[in-house]
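As they're listed, the protein sequences go chains A and B. Just so you know, our numbering puts the end of the first sequence at 709, numbered straight through with nothing missing. Just so you know, our numbering puts the end of the second sequence at 339, numbered straight through with nothing missing.
Worth flagging that the hints you see were computed from the coordinates, not collected in a lab. Treat each hint with caution, since some may be false.
SDA-like mimics (lysine to any residue), calculated; alpha carbons at most 25 Å apart, straight line [what the hints assert, rightly or not]:
(1) LYS58(A) / ARG283(B)
(2) LYS58(A) / VAL282(B)
(3) LYS58(A) / PRO287(B)
(4) LYS58(A) / VAL47(A)
(5) LYS683(A) / ASP161(A)
(6) LYS58(A) / ILE274(B)
(7) LYS310(A) / LYS58(A)
(8) LYS290(A) / SER277(A)
(9) LYS58(A) / ARG281(B)
(10) LYS58(A) / ASN285(B)
None of these values were measured; they are calculated from a predicted model.
Below, each chain spelled out in residue letters.
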Amino acid sequence: MTTLAAISLSAPTMAMGAGLMVLPIAAHLLNRKARRRVIFPSIELLVSVSANQSKFFKLRRWWLLLLRCLAVLAIVAAFMQPMWLSAGAQRAAGRGGAVVMVIDTSASTGQLHGGVPAIQSMRAKADHVLDTLVPGSEHANIIYAAARPYSIFASMTTHIDALRSGLIDIEPTHERADLIGALSLAGRMLSDYAGPRRLVIVSDMQESNWSDAIDSLRRDATISAGTRVTVLTPNGTSPANLSLHRPSVRPAAPRIGQPFSLAVTLTNHSDRVQPASVRVTIDGRPFASKPLTINPRQQIEVAFSTTFDKPGEHRVIYSIPGDAMAVDDDCYQLVRVVQQTPVILLTDDDVNGPGSAGYFMARSLAPYGDARDRYDVRLVRSTDPFPFTIGDTAVVFVGRAGLLGDNQVKALLQHIERGGGVVFFYGDAPALMNLEVLGRLKPNAILPWHPVAPQAQERTGQPLTLTGGDWRSPLLARFDEAARLSLAQIQVRQAWSGGPIDQNAQALLSYADGTPALVWREVGAGKLAIANFSADQSHSDLGKHGLFVALMQGLADELQTAHQPSDSNLVGRAANLMTSVPIDRRGPAPLVYQPDGRTPVEATLDLGDHNSRMVLSEPSKPGFYTAQQGDTILGTVAINIDPRESDLRSMNADVLTSALKANAGDAAVEASSVTPGLTYHAKGLWGWLLVFACVLLGSEMFLLGYWRR
Amino acid sequence: MTEPAVQPSPIHASRYLRVQDLASLRNVLFAPRRPIRGQYAGRHASRQRGHRVEFNDYRDYTPGDEVGDIDWKVFGRSDRLFIKLFEHQTDMTVGLLIDASASMDYDGLDPHRPVRRAQSWMGKLRSLGTKRDTMRTGPAIDNPSKYDQACLMASAIAFLTARQQDRIALAFARRGLHREHDARGGFEQLNHILRATERVRVRGDARLAESIQQYTQSLPRRSLLIVFSDLMEGRDAILDALSAFSKRGGEAIVFHVLHEDELRLPDLPEAVFIDSETGQRVRLNVPDIRDIYESHVRQAADAWRDGLTVRGIDYHPVSTAMHYHEAISDYLFTRAARA
Chain A
1 MTTLAAISLS APTMAMGAGL MVLPIAAHLL NRKARRRVIF PSIELLVSVS
51 ANQSKFFKLR RWWLLLLRCL AVLAIVAAFM QPMWLSAGAQ RAAGRGGAVV
101 MVIDTSASTG QLHGGVPAIQ SMRAKADHVL DTLVPGSEHA NIIYAAARPY
151 SIFASMTTHI DALRSGLIDI EPTHERADLI GALSLAGRML SDYAGPRRLV
201 IVSDMQESNW SDAIDSLRRD ATISAGTRVT VLTPNGTSPA NLSLHRPSVR
251 PAAPRIGQPF SLAVTLTNHS DRVQPASVRV TIDGRPFASK PLTINPRQQI
301 EVAFSTTFDK PGEHRVIYSI PGDAMAVDDD CYQLVRVVQQ TPVILLTDDD
351 VNGPGSAGYF MARSLAPYGD ARDRYDVRLV RSTDPFPFTI GDTAVVFVGR
401 AGLLGDNQVK ALLQHIERGG GVVFFYGDAP ALMNLEVLGR LKPNAILPWH
451 PVAPQAQERT GQPLTLTGGD WRSPLLARFD EAARLSLAQI QVRQAWSGGP
501 IDQNAQALLS YADGTPALVW REVGAGKLAI ANFSADQSHS DLGKHGLFVA
551 LMQGLADELQ TAHQPSDSNL VGRAANLMTS VPIDRRGPAP LVYQPDGRTP
601 VEATLDLGDH NSRMVLSEPS KPGFYTAQQG DTILGTVAIN IDPRESDLRS
651 MNADVLTSAL KANAGDAAVE ASSVTPGLTY HAKGLWGWLL VFACVLLGSE
701 MFLLGYWRR
Chain B
1 MTEPAVQPSP IHASRYLRVQ DLASLRNVLF APRRPIRGQY AGRHASRQRG
51 HRVEFNDYRD YTPGDEVGDI DWKVFGRSDR LFIKLFEHQT DMTVGLLIDA
101 SASMDYDGLD PHRPVRRAQS WMGKLRSLGT KRDTMRTGPA IDNPSKYDQA
151 CLMASAIAFL TARQQDRIAL AFARRGLHRE HDARGGFEQL NHILRATERV
201 RVRGDARLAE SIQQYTQSLP RRSLLIVFSD LMEGRDAILD ALSAFSKRGG
251 EAIVFHVLHE DELRLPDLPE AVFIDSETGQ RVRLNVPDIR DIYESHVRQA
301 ADAWRDGLTV RGIDYHPVST AMHYHEAISD YLFTRAARA
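Please work from the sequences and hints to get the whole structure.
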């Protein structure tokens with residue numbers, strides 16, 4: 001848009017239409033050539049009377065040309081959409097008003113309304129807002145609210161056309177928008193301007209996205225006082241949508257030939273019953289399809305059972321038929337099939353020294369000591385540098401070990417929260433202190449039970465027996481009556497005491513006096529278990545029994561990751577890609593490629609001895625990201641969109657406007673489904689120009705007829 | 001049984017002569033208003049005496065007069081001597097002078113002019129095979145130019161003159177005088193004249209005054225000069241030339257031939273007018289000047305009329321819109337009325 005004094009041109013490029021002026025000029029020249037020539041006998045008399053003819057007549061054609069040219073110019077000017085700026089607008093322009101538009105580009109803006117993506121109508125609204133701005137006078141900028149908000153220009157600009165060009169290529173991302181970040185950025189940009197400030201929010205008003213921002217808006221001042229805030233709300237109601245998310249595999253790292261289940265959560269975000277058919281493809285080949293009907297607002301876990309006969313990474317894609325939002329109709333999952341389930345045994349015992357707890361624990365998990373074992377036991381000492389590579393490890397068994405450092409404890413907590421399992425076994429004072437350190441990381445949110453001092457059962461002469469248990473739990477269901485009787489015969493000479501277990505915890509085994517013997521709780525996506533016994537023969541004879549083998553292997557199976565972490569491996573968030581192949585340190589630099597397999601993405605490499613981790617800073621699309629070193633595939637990670645983006649319900653605009661008012665103090669906040677620019681202080685002139693053009697053409701035709709009559 | 005032989009006409013087929021058009025003039029005698037001097041006996045009055053043909057007047061006897069001329073009967077009644085005067089009747093010489101300048105070629109803004117000419121040529125070809133019929137009907141000229149109109153009138157007058165056994169001469173004013181045929185009588189002379197009118201191509205200026213001056217010197221002193229022209233040249237010189245001829249005893253008639261477009265400008269909104277003789281141009285808005293132009297044309301015609309009439313010369317304006325024989329009839333009857 002170009003401003004000429006009090007007139008603003010919305011489409012100045014239409015000025016190229018002035019080239020049409022060549023038409024009346026050409027007509028004029030052709031008519032001039034076509035003027036009638038008469039060979040007359042003698043023009044002596046004509047010459048003598050020519051002085052009496054009207055001087056005006058020689059200018060007639062010029063008058064007609066002038067009228068025609070003016071008519072063409074008026075029509076071209078009308079197409080340039082000029083607007084007459086009122087005095088207020090001119091003053092505002094003179095004061096250099098500032099406008100920042102925050103445009104929501106989250107994945108939900110790709111929802112279709114009548115076949116048209118919501119982002120398109122949002123773009124049109126934003127375009128209309130730009131139409132109301134005065135180029136060269138008003139400062140403006142556009143902020144895209146994606147996972148990482150960014151503005152088209154680093155600072156405010158008066159180049160409105162450039163902003164309009166930036167709008168042309170706007171597309172919905174696959175990310176969840178950081179609306180607070182975007183509003184904060186807008187607030188910072190506007191705070192530098194003393195003149196009139198406007199903040200325009202263009203969003204699909206997705207409730208699941210804005211609900212997080214509402215609390216933050218009420219809490220933290222983001223928008224400077226005096227800012228006029230306009231929320232452009234979407235037209236129409238939210239369309240029905242089905243989504244797939246939260247893929248899971250149980251167990252997390254199945255072994256070859258081991259039956260396991262693949263599952264995905266199907267959610268009906270609409271208010272009506274919907275049929276659906278979930279299809280599964282594994283490694284690009286159709287595997288199964290399951291038709292079903294899902295009730296309004298219902299979530300169903302759709303599971304499929306299978307086995308793999310080859311180790312390595314397998315790509316699983318769940319799909320449903322297309323609906324109003326296509327991006328959540330596919331869900332991606334990577335299943336890593338292993339020869340042996342990797343477990344970590346964290347102990348300072350000599351695992352080869354018969355009688356120690358470490359000895360019995362290692363033997364219970366890997367009795368053969370070769371490939372026939374189900375578990376790949378990795379021995380880690382408390383003195384080993386952390387973080388050790390526990391990324392692909394299912395369970396960490398913490399035996400008798402020394403005092404762990406804070407970073408080591410934090411790494412264990414991180415492993416649990418990401419879906420791993422950790423079992424702390426009874427031990428000496430360092431074991432209890434390690435538990436205390438772990439519990440302090442998140443008080444009352446980690447430990448299933450707070451053990452205190454060990455009971456000196458030997459002093460009282462009354463050993464403990466394992467008599468109680470939740471025998472229906474998956475862990476103990478394998479223990480039959482005989483096994484339970486045998487277990488009750490085992491005498492435990494040392495164990496911790498303590499109060500009742502946490503309300504979120506589950507006691508699996510207990511001693512005869514009610515003291516918890518084996519208790520666990522879910523922490524994040526994983527589980528933390530405390531075994532109030534030790535396999536050390538000085539504490540009990542448990543390690544010598546086969547029951548201990550069953551118990552250890554049961555723990556190793558049940559504590560494996562059962563669900564993909566809900567807060568990781570999402571579009572727009574950093575994701576870890578664990579390599580399954582050692583990286584050649586002398587080879588080419590490893591690269592991570594987008595799902596198209598061609599476009600590399602930004603990633604940082606964290607080298608490990610066996611496995612390395614590549615951190616994807618912000619994957620932008622769902623799908624499988626592959627790390628490669630040359631032609632060697634190092635590993636793969638599946639990225640999905642945030643499940644909250646699938647819920648397309650809109651928030652009531654009043655809730656947002658009240659939060660914005662609370663945030664910005666005396667700000668004038670309004671919500672509208674139409675562009676406020678239409679109420680801007682300018683009046684369109686194109687209608688008058690067209691009328692003027694009609695008057696000119698009418699005059700031209702009248703004069704032409706009059707002069708030729 | 002064979003058809004009776006048709007008596008061949010002595011008149012050459014011409015696009016400028018339609019005998020049947022002149023039927024209304026069969027009883028009209030084309031005669032000069034003044035007595036003329038002729039070479040042979042004819043039907044026109046002459047100041048020549050010596051032959052007692054028709055009584056004219058009496059005068060007193062003066063010594064030296066022929067005694068035989070004394071009217072003795074009058075002497076017997078009045079006792080006075082009177083000489084009896086007789087009028088000598090002689091033939092008439094008519095000199096036709098046609099303006100063949102380029103301006104005479106104007107036949108209006110007819111866009112179908114080439115077609116008309118082609119039709120004219122076709123008519124001429126037809127006339128070669130059917131001379132007699134052509135003479136009866138004659139080729140029609142729908143949209144005559146000024147030259148055509150002048151030739152039509154000149155041919156008609158030549159026909160009347162030849163029929164009266166008078167002598168006819170023809171000349172053209174085209175870049176000076178072009179004498180075609182000296183004065184002779186008879187239809188053979190008429191045929192020569194008709195061919196000459198068709199043969200001439202109009203072009204250039206007329207130099208009419210110079211042509212009149214030269215032409216009148218070749219004519220007998222008391223002959224009849226008929227000028228057909230649009231009079232687009234200097235009036236004074238032409239008047240002087242005609243006046244000189246008139247003073248010598250001749251009689252002159254001027255047919256001022258104008259096209260209708262010259263009298264009333266063509267119906268055009270705007271046009272560039274190009275002088276047919278000089279090439280000079282003027283751009284005009286016709287509706288603006290139409291009235292003033294017509295006024296000027298009338299004034300010019302009046303000036304010619306006044307200038308010629310004062311000198312005893314007949315002036316008769318002719319428009320191409322008029323049928324030529326109507327123009328001649330009009331003139332002859334007007335002339336007869338004046339006489």
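Does the structure break any of the earlier hints, and which numbers would those be? Number 7 - this is the single hint that the structure violates.
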